[in-house]
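Those sequence lines, one after another, are chains E and R.
The numbering of the first sequence is my numbering, which starts it at 2 and goes up by one.
The numbering of the second sequence is my numbering, which starts it at 631 and goes up by one.
Some hints could be false.
From the structure, some residues in chain E lie toward chain R, with a derived Cβ separation under 10 Å [stated by the list, open to error]:
| id | residue |
| --- | --- |
| 1 | 54 |
| 2 | 73 |
| 3 | 106 |
Stretches of chain R that chain E covers, calculated by requiring three or more beta carbons in the stretch to come under 8 Å of a beta carbon on chain E [as the list claims (entries may be wrong)]:
| id | segment |
| --- | --- |
| 4 | 677-688 |
| 5 | 878-885 |
Hint data in this document are derived by calculation from the structure and do not stem from the laboratory.
For every residue, glycine included, the Cβ atom is placed at its ideal position computed from N, Cα and C.
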Amino acid sequence: MTEARPSSLLKSQRFRQAREDDWRRLEQLMDKAEKGSAAKLTDAEILAVPVLYRSTLSALSVARETSLDQGLIDYLETLAARAYFFVYGSRATLQDRLASFFRHDWPRTVRSLWRETLVSAGLMLLGAVVAGWLVMHEPEWFYAFVPSDLGGGRDPAASTAALRATLDGADDANGLSVFAAFLFTHNAQVALLAFALGFALCLPTALLVLYNGATLGAFFALFASRGLGVELGGWLLIHGVTELFAVVLAGAAGLHIGWSVAFPGQMRRLDAAVEAGRTAGTVMGGVVVMLLLAGLLEGFGRQLITHTGARYAVAATTAVLWGLYFYAIRRETPHVR
Amino acid sequence: MSAEPIRSSPTERAFITPEGVDLRLNIGDAGQRAAAFMLDAAIIVAVLAAFSLIIFFTGVGAVGAAGRAGAEMMAVIWLVVFFLLRNFYFTAFELSAAAATPGKRFMGLRVASRDGGRLRAESVFARNAMRELEVFLPLSVLFARAGEGGVDSWMYLLAFVWAGIFVFFPLFNKDRLRLGDLVGGTWVVRTPRRKLTRDMADDGASRLTVYDFTPAQIDAYGAKELHVLESVLRQGDRKTKRAVADRIATKIGWTRDPLQSDSDFLSAYYAALRGRLEEKLLMGVRRRDKHDV
Numbered sequence: 002m003t004e005a006r007p008s009s010l011l012k013s014q015r016f017r018q019a020r021e022d023d024w025r026r027l028e029q030l031m032d033k034a035e036k037g038s039a040a041k042l043t044d045a046e047i048l049a050v051p052v053l054y055r056s057t058l059s060a061l062s063v064a065r066e067t068s069l070d071q072g073l074i075d076y077l078e079t080l081a082a083r084a085y086f087f088v089y090g091s092r093a094t095l096q097d098r099l100a101s102f103f104r105h106d107w108p109r110t111v112r113s114l115w116r117e118t119l120v121s122a123g124l125m126l127l128g129a130v131v132a133g134w135l136v137m138h139e140p141e142w143f144y145a146f147v148p149s150d151l152g153g154g155r156d157p158a159a160s161t162a163a164l165r166a167t168l169d170g171a172d173d174a175n176g177l178s179v180f181a182a183f184l185f186t187h188n189a190q191v192a193l194l195a196f197a198l199g200f201a202l203c204l205p206t207a208l209l210v211l212y213n214g215a216t217l218g219a220f221f222a223l224f225a226s227r228g229l230g231v232e233l234g235g236w237l238l239i240h241g242v243t244e245l246f247a248v249v250l251a252g253a254a255g256l257h258i259g260w261s262v263a264f265p266g267q268m269r270r271l272d273a274a275v276e277a278g279r280t281a282g283t284v285m286g287g288v289v290v291m292l293l294l295a296g297l298l299e300g301f302g303r304q305l306i307t308h309t310g311a312r313y314a315v316a317a318t319t320a321v322l323w324g325l326y327f328y329a330i331r332r333e334t335p336h337v338r
Numbered sequence: 631m632s633a634e635p636i637r638s639s640p641t642e643r644a645f646i647t648p649e650g651v652d653l654r655l656n657i658g659d660a661g662q663r664a665a666a667f668m669l670d671a672a673i674i675v676a677v678l679a680a681f682s683l684i685i686f687f688t689g690v691g692a693v694g695a696a697g698r699a700g701a702e703m704m705a706v707i708w709l710v711v712f713f714l715l716r717n718f719y720f721t722a723f724e725l726s727a728a729a730a731t732p733g734k735r736f737m738g739l740r741v742a743s744r745d746g747g748r749l750r751a752e753s754v755f756a757r758n759a760m761r762e763l764e765v766f767l768p769l770s771v772l773f774a775r776a777g778e779g780g781v782d783s784w785m786y787l788l789a790f791v792w793a794g795i796f797v798f799f800p801l802f803n804k805d806r807l808r809l810g811d812l813v814g815g816t817w818v819v820r821t822p823r824r825k826l827t828r829d830m831a832d833d834g835a836s837r838l839t840v841y842d843f844t845p846a847q848i849d850a851y852g853a854k855e856l857h858v859l860e861s862v863l864r865q866g867d868r869k870t871k872r873a874v875a876d877r878i879a880t881k882i883g884w885t886r887d888p889l890q891s892d893s894d895f896l897s898a899y900y901a902a903l904r905g906r907l908e909e910k911l912l913m914g915v916r917r918r919d920k921h922d923v
């Protein structure tokens, strides 16, 4: 640096020289924080950040009004932005956020969507009943509702013995668990789609949920016509309670978005979409976990538990657990986000 | 006169902090977003490939030990891992303190809440659940067979157009919002790192005694020309400096001593011009460019 007499320096140069050390310190702290997490900073450093941030921010305001050093202003802008995201960003760890999510946010949001949940469940039931009724009367309808890769050889052409064999689980060696995992990922994507499609004003979501119900109804009618209805119930419900509930919730989340976009009320349409998107997003975060649990039940539980009674017991237990988790009255603990 | 300086960057957006200062963030443009996504996709594919190899080698052992059931178990694990990567990769990284996936971080991007508040978990969930519609659905449409003519082909075409709308949605709005950003209330902004560069007036201020410009000579330019001069000095390209020095000397009628180098002359003029303009700025007069009197 050239040794200039202080008087020959511009005001903006003196302004910069007086504050430069603070900025560099803040920059250093940000580098440190961005590399790892906030945990790497000591207590003293964490306390220093907001102070340095505010002084940098005010320096930025002053520099914009009084200095024409473009390099300096650009630097202060990026530094202030980085510090802003640190100061106002979430410092909660991923674990804290997950804990608060499962303890409060998710059940509360699911409860708040009870209307959409009822509609979504009703749609699925409607699809199941209509498809079941149609297949009962004319088995050819089965092919209209069940895509061939999902059926896995379970169709009206199969013999009763073959159908029974598909329900048993343990003794079949023809890749059923792979099939189950495939089904699971398939269902998970159906659920995500039901949510994502809600954006298009509810209709595609409603159709998808109806169709999902129809597939179920067709299966059920096929097996019931061979006197295997009870066994199929166990086979489906052991994981189906969790999975179907997840699909219903995903449908409800989609409907919620679609409805808010179509009828935003007092809000602007975009704001309504954002608000509904946050609610629905919370629901979806949990739905994916539900689907994972359902997949585990399907892949392992169903292969290990082959007794129909036991399968129903597991199904009933999961139903009670989910019901209590979401809808039981609980003490509202105030929590800080 | 003292209106906001015009910054002609098309990606700049007002972003007011709770302290009331506009941070003037730049949003990530379509190219950066696409590049970040490609990087992330490459990482996912690479992890999946590596995992497949591991599964394959340990899977071979398991088949020997447990026969068919072992192989099936491997396939199940593979499917579940694929599911986890597909659905949680983006969410988990964007929930972290950096609010960016490795791809975004590499491109200097991060996810931020559009309203200036803090980025909430549900926003991240929503913006990534919509990815299903924007990425994976179009992909599956792409790989679906177009059928053998007739109605199927038309349905395929319709689905393709429909999916295309979502894929190219960010190109049709000025903030480059994905559908997921729209629903989540987020946007993707640039947070580059910048080092504090040298003050270009440091060199020139001491030379002002040698170069005594008259007020009329200093008043020839405004802030815009000052910034151009600043970047010329920063880059330090000899030819450019020569050309710029010649133009300025001609314009202000400065007879140049052959002993004075271009750099000396330019930095001295820079310091003088900046001092003059900043003096006016303190009085509330911002001279935008040489035409602004």
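For each hint, the structure was consulted:
no. : hint    : verdict
1   : 54      : holds (9 Å)
2   : 73      : holds (7 Å)
3   : 106     : holds (7 Å)
4   : 677-688 : violated (count 0)
5   : 878-885 : violated (count 0)
Checked against the numbered hints listed earlier, the structure breaks hints 4 and 5; every other hint is satisfied.
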